[in-house]
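As they're listed, the protein sequences go chains A and B.
Residue numbering for the first sequence follows our numbering, starting at 1 and increasing by one per position.
Residue numbering for the second sequence follows our numbering, starting at 1 and increasing by one per position.
If you're looking for bench data, these hints aren't it; they were derived computationally from the structure.
For clarity, every value in this text was computed on a predicted model and none was experimentally measured.
Note that CB positions come from ideal geometry on N, CA and C, so glycine has one too.
A couple of the hints might just be wrong.
[To be verified] Below are the DSS-like pairs computed for lysine-lysine, each with C-alpha atoms no more than 30 Å apart in a straight line:
#1 B/K238 <-> B/K203
#2 B/K239 <-> B/K309
#3 B/K256 <-> B/K239
#4 A/K76 <-> A/K205
#5 B/K256 <-> A/K277
#6 B/K255 <-> B/K239
#7 B/K179 <-> B/K238
#8 B/K360 <-> B/K239
#9 B/K309 <-> A/K277
#10 B/K309 <-> B/K273
#11 B/K203 <-> A/K277
#12 A/K76 <-> B/K309
[Stated by the list, open to error] Okay, the calculated bits of chain A under chain B, using three or more residues with CB under 8 Å as the criterion:
#13 140-148
#14 332-338
Letter by letter, the chains look like this.
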Amino acid sequence: MESPHRLWIMLLAAVIAVLLAGCVAATGLSGRQSTAEHTAQATEALYGEVQDLSYNLADANATAATALLIGQVTPKPFTDRFGSDITQVEDLLSAASQRVTGDATASHQLKLLAEQVPEYSQWVGQALANNRFGYPVAGAYLRQASAMLTGEMVPEVDTVITEEKNATENGMSSASGTDWLTVGVCVLALAMLVLVGSRLARSTKRRMNLGVAAAKLAVLVLLGWTFTAAVGSSNAASTARGDFDLIVQTQVGASQLATSEAYVALQQIDRGEDGGKDQQRSTAALAALGPVTSAQFQAATGETEASMAAATDIKAMVSCGEAAINQAGAGNYAQAIITTVGSGSDVGQGGCEPDAQHVRDDLSALTGQSQGHYDTDMASVSSAYAGGGALELPLALGLLGAVAAAWGINRRLAEYR
Amino acid sequence: MRGQRPDGRPGLSGLIASGGAGLGDAGSGRARPTGTAPRPGRGRAVRRRMVRRRSAWLCALALAAVTASACSAGTDMVGAQPPAPTVGFGSVAPSTSSTGGSGGASTAPTCDATASSLAPTAAAANGPDVTAIKNQGYIRVGVSADQYLTGYLNSAGHEEGFDIDLADALGQALFGTPKKVQFVALSTADRIPDLRASAATRKVDVVIDTMTINCARLLQVGFSAVYYTASQKLLVDKKPDGTPSYTSIAQLAGKKVCAQSGSTSIAAIQAAKATAMEVTNVTDCLVLLQENTVQAISTDDTLLAGLAKQDPNVTVVGVGLEPEPYGIAVPPNEKDLEEYINGVLAQYESDGGWAASYAKWFGPSLGPAQPPAAQYSD
Numbered sequence: 001m002e003s004p005h006r007l008w009i010m011l012l013a014a015v016i017a018v019l020l021a022g023c024v025a026a027t028g029l030s031g032r033q034s035t036a037e038h039t040a041q042a043t044e045a046l047y048g049e050v051q052d053l054s055y056n057l058a059d060a061n062a063t064a065a066t067a068l069l070i071g072q073v074t075p076k077p078f079t080d081r082f083g084s085d086i087t088q089v090e091d092l093l094s095a096a097s098q099r100v101t102g103d104a105t106a107s108h109q110l111k112l113l114a115e116q117v118p119e120y121s122q123w124v125g126q127a128l129a130n131n132r133f134g135y136p137v138a139g140a141y142l143r144q145a146s147a148m149l150t151g152e153m154v155p156e157v158d159t160v161i162t163e164e165k166n167a168t169e170n171g172m173s174s175a176s177g178t179d180w181l182t183v184g185v186c187v188l189a190l191a192m193l194v195l196v197g198s199r200l201a202r203s204t205k206r207r208m209n210l211g212v213a214a215a216k217l218a219v220l221v222l223l224g225w226t227f228t229a230a231v232g233s234s235n236a237a238s239t240a241r242g243d244f245d246l247i248v249q250t251q252v253g254a255s256q257l258a259t260s261e262a263y264v265a266l267q268q269i270d271r272g273e274d275g276g277k278d279q280q281r282s283t284a285a286l287a288a289l290g291p292v293t294s295a296q297f298q299a300a301t302g303e304t305e306a307s308m309a310a311a312t313d314i315k316a317m318v319s320c321g322e323a324a325i326n327q328a329g330a331g332n333y334a335q336a337i338i339t340t341v342g343s344g345s346d347v348g349q350g351g352c353e354p355d356a357q358h359v360r361d362d363l364s365a366l367t368g369q370s371q372g373h374y375d376t377d378m379a380s381v382s383s384a385y386a387g388g389g390a391l392e393l394p395l396a397l398g399l400l401g402a403v404a405a406a407w408g409i410n411r412r413l414a415e416y417r
Numbered sequence: 001m002r003g004q005r006p007d008g009r010p011g012l013s014g015l016i017a018s019g020g021a022g023l024g025d026a027g028s029g030r031a032r033p034t035g036t037a038p039r040p041g042r043g044r045a046v047r048r049r050m051v052r053r054r055s056a057w058l059c060a061l062a063l064a065a066v067t068a069s070a071c072s073a074g075t076d077m078v079g080a081q082p083p084a085p086t087v088g089f090g091s092v093a094p095s096t097s098s099t100g101g102s103g104g105a106s107t108a109p110t111c112d113a114t115a116s117s118l119a120p121t122a123a124a125a126n127g128p129d130v131t132a133i134k135n136q137g138y139i140r141v142g143v144s145a146d147q148y149l150t151g152y153l154n155s156a157g158h159e160e161g162f163d164i165d166l167a168d169a170l171g172q173a174l175f176g177t178p179k180k181v182q183f184v185a186l187s188t189a190d191r192i193p194d195l196r197a198s199a200a201t202r203k204v205d206v207v208i209d210t211m212t213i214n215c216a217r218l219l220q221v222g223f224s225a226v227y228y229t230a231s232q233k234l235l236v237d238k239k240p241d242g243t244p245s246y247t248s249i250a251q252l253a254g255k256k257v258c259a260q261s262g263s264t265s266i267a268a269i270q271a272a273k274a275t276a277m278e279v280t281n282v283t284d285c286l287v288l289l290q291e292n293t294v295q296a297i298s299t300d301d302t303l304l305a306g307l308a309k310q311d312p313n314v315t316v317v318g319v320g321l322e323p324e325p326y327g328i329a330v331p332p333n334e335k336d337l338e339e340y341i342n343g344v345l346a347q348y349e350s351d352g353g354w355a356a357s358y359a360k361w362f363g364p365s366l367g368p369a370q371p372p373a374a375q376y377s378d
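Looking at chain A on its own, in the form it has when it is part of the complex (with noise of 0.2 Å):
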């Protein structure tokens, strides 16, 4: 026979367990939710953000470079493309900057990154007005100012573009996955609620408590919750990864390309004495575009029809690329031009210029629908979490269970009154 005073520690330590299980569930379930939620509306999109800020860079020296090999005259839609990419550049700054509060290392790069813009624009528009003159000098401008683009600020983006990668694959793997804690707690619970029900059933020689029978439940309730969620979250979290992968790898290919044209007009304009550097570069460029070509690609975005042409269109801007970066490495730089950027009424619209636009309009359509795939996959695994009732489910069932476990045992207490 079981003393009162036993009877109290029972549910004391029932209580106890049931709410202590209740909370950790509520804690571990939301805390998983608000991650999923964080990753995929704050970290990606900055993720996303400093990575079209990278592409902007590189789109704007290729403009630049690309309009001088055009002629004296700047076309308009090379001026308009290049205005573009800095407000572009400017906008994307100023929302990651309010994105990276907190974060002191990124907050210094886009900081560096803020002062640099101007300078780099006024260097490329040095380069424009002496280009308008025929001037050389508009080389060694354009070349100063792709040497910063290249050698300072896209670096310091590429340290955002980095630590924003890392900190989306990092919050995926920690919105998904068997919260091991929470498993332990509520087992543990169980084990007392076992314990304390065997006890009661002992001492009043009857097989069951109704209370903490309940009690068990919920518990067993909070068990199957995070074990589902877990598996549901993996599940969406492992889809979403192979999304994240996709635009990661055709916002990459995008920057590419850009760097693969500005290198490109860059290896005719500095005209062989630059050692060979934009040739390799450009060379190197163009190849790293050939994952968003790759069988791998192709198998992930499930052969669509974006995806197959991409990989033609790309097919063909490195061929066209290479054509000319072979040109101009033999010396036959006014054919590479024109094979580059067109000539007569085609220039500037000609050449590689159609195959170029192909895939930057196929990257940006496959970035978009892996992006908004991304996105319907990380709001399935917060779903899976019970989305916004995360917290304050687990909460209630611990809270009922803990009272359905006094109330059984404070039946066999009254017994004693």
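Take the given structure of chain A and dock chain B to it, following the hints.
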């Protein structure tokens, strides 16, 4: 005036162009530049005998030239008979040790770079290397594509500049039209290796690219006679009153001066106790000057003229520090081509082509100049 033969007789460049029998106007004899030393080991009498022998030979050639040019009259530039130069081909070269300008390995490390090339001969126009180029139907000329005023690709995609004019004159002489010149842009580092490659693999037949003749290069390739003597000068900002902010390198002590990496300007800058800022491409120096990062640029006056043309607020100053004789580079041991080019060069200098080209490209920045007096090794 240069370019006019005193006796009024026509020169032989028309024959050069048409592959005629002689390389005329050689008889008038080129004056040795002031200050050059006579060839060691040969006396004045010996030299007089040589000049007499050469004059007789060249007179015969000149006669043949007149006949040939009369035969070719009425054809385009191929057969046209341009005026002869006032200086002749036959002056004795004050070479110290060179055995010829065709780039053979026998050229000693010490040499007279300005008198290392072979004098034009009548046979050169029909020599194997010249004939090979003629049979090819065009001449491939290695040029720079980024040196403003000397050789660069303009915004229309065409090569132009002082060196390009000379290449056109070579094309005119060989084929009767400059359109048969195929320009191949070569980087500075590729010029000699390409000329030394086998005939089947080389990309160019000659290089005209502000290429300084020096003894080290003469060991590797052949050179024409000097077609321009550049010198190291300075490019500085103008003051508001239009006068230069500095007039000599001595005034730049403690200041920053830009120069191309590896150029001889670096030593001159350091000797003046100035700080040298090295760049790969000389146009980058202009950016540094315009940004006030450096106070002057030091390099060849031809390159400085190119920079000055791009900025009205700078000017070329300074006494030429070190002469840089430019020559047309040819593959090693192609002696007939070297001789032929020297004939074309003499004609180009004598018919006013050189002067017109100089006035067009360098006149405004560097002031008036005369073509260098040709000197040969034989």
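Are the Cα atoms of B/K309 and A/K277 separated by 30 Å or less?
Holds, at roughly 28 Å.
Verify the proposed pairing of A/K76 with B/K309, using a straight-line Cα cut of 30 Å.
Holds, at roughly 28 Å.
Agreement of B/K256 and B/K239 with the hint, judged by alpha carbon distance not exceeding 30 Å:
Answer holds: B/K256 to B/K239 is near 18 Å, not above 30 Å.
Count the residues of the stretch 332-338 of chain A whose CB lies closer than 8 Å to any CB of chain B, then report whether that count reaches three.
With 5 residues close enough to chain B, the hint holds.
Need the status of pair B/K179, B/K238: alpha-carbon distance at most 30 Å?
Status violated; Cα separation ~41 Å.
Given that the stretch 140-148 of chain A was listed as covered by chain B, double-check it with a C-beta distance under 8 Å for 3 or more residues.
holds (count 4)
Measure nothing beyond the straight line between the CA atoms of B/K360 and B/K239; if it is 30 Å or shorter, mark the hint as holding.
holds, 26 Å
Take the C-alpha atoms of B/K255 and B/K239, compute the straight-line distance between them, and say whether it is at most 30 Å.
holds, 17 Å
If you draw a straight line from the CA of B/K239 to the CA of B/K309, is it 30 Å or shorter?
Roughly 17 Å between the alpha carbons, so the hint for B/K239 and B/K309 holds.
Against the 30 Å threshold, does the CA-CA distance of A/K76 and A/K205 hold or violate the hint?
Since the Cα atoms of A/K76 and A/K205 sit roughly 93 Å apart, the hinted pair is violated (cutoff 30 Å).
Is the hinted pair B/K256 and A/K277 satisfied, with a Cα-Cα distance of at most 30 Å?
holds, 27 Å
Next pair to validate is B/K309 with B/K273; report whether the Cα-Cα distance is within 30 Å.
holds, 28 Å
In summary, the structure is inconsistent with hints 1, 4 and 7 from the numbered list given earlier, while agreeing with the others.
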